[in-house]
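Asker: Numbering-wise (my numbering), the sequence shown opens with residue 1334 and increments by one.
In case anyone wonders, no lab produced these hints; they're calculated from the structure.
Be aware that a few hints might be false.
Stated by the list, open to error - Below, simulated BS3-like cross-link-like pairs (lysine-lysine); rule was C-alpha separation at most 25 angstroms, straight line:
| no. | residue 1 | residue 2 |
| --- | --- | --- |
| 1 | 1427 | 1339 |
| 2 | 1354 | 1427 |
| 3 | 1339 | 1354 |
As the list claims (entries may be wrong) - Derived DEER-like restraints, expressed as beta-carbon distance ranges:
| no. | residue 1 | residue 2 | range |
| --- | --- | --- | --- |
| 4 | 1340 | 1409 | 33 to 39 angstroms |
| 5 | 1426 | 1399 | 32 to 38 angstroms |
| 6 | 1427 | 1354 | 20 to 26 angstroms |
Note that CB positions come from ideal geometry on N, CA and C, so glycine has one too.
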Amino acid sequence: MHPKVKQALEVTLSNWQAMSKSDSEEAESSANEFEASFYIFIDAVREWFNSLEQYPQTIDEFLTLPMIEHILDLLPAPLYLNFETEAELILEHKTRIEDAKYD
């Protein structure tokens, strides 16, 4: 796995676990940390994607790339749809505007 993607994914997964275990007092802070780390992870995936010599043309091709398959194996099920949505934007060479990110 690309080192920058791997590091960002590890932080994201750690923040996901922390958010899942947080009590009501920590919930907002944990959620904000998770959200920030998720988009840093997505940016790392985008950077890796942009460095490919040949781009996948469809979301199905993208999702079957070995590194992406490995990521999907590690992602908790609730994050799969968010990741797939972001993957579609990556394929379209679009970036999400800060206000349009998941709340």
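Asker: When you take the CB atoms of residue 1340 and residue 1409, is the distance between them in 33 to 39 angstroms?
Answerer: Violated, at about 18 angstroms.
Asker: Within 32 to 38 angstroms or not, the Cβ separation of residue 1426 and residue 1399?
Answerer: violated, 22 angstroms
Asker: For residue 1339 and residue 1354, compute the direct alpha-carbon distance and say whether it is at most 25 angstroms.
Answerer: Distance ~23 angstroms between residue 1339 and residue 1354 Cα, so the pair holds.
Asker: Is the hinted range of 20 to 26 angstroms satisfied by the C-beta distance from residue 1427 to residue 1354?
Answerer: violated, 34 angstroms
Asker: Given the proposed pairing of residue 1354 with residue 1427, does the C-alpha separation stay at or below 25 angstroms?
Answerer: Answer violated: residue 1354 to residue 1427 is near 33 angstroms, above 25 angstroms.
Asker: Given the proposed pairing of residue 1427 with residue 1339, does the C-alpha separation stay at or below 25 angstroms?
Answerer: holds, 22 angstroms
This entry does not satisfy hints 2, 4, 5 and 6, going by the numbered hints stated previously.
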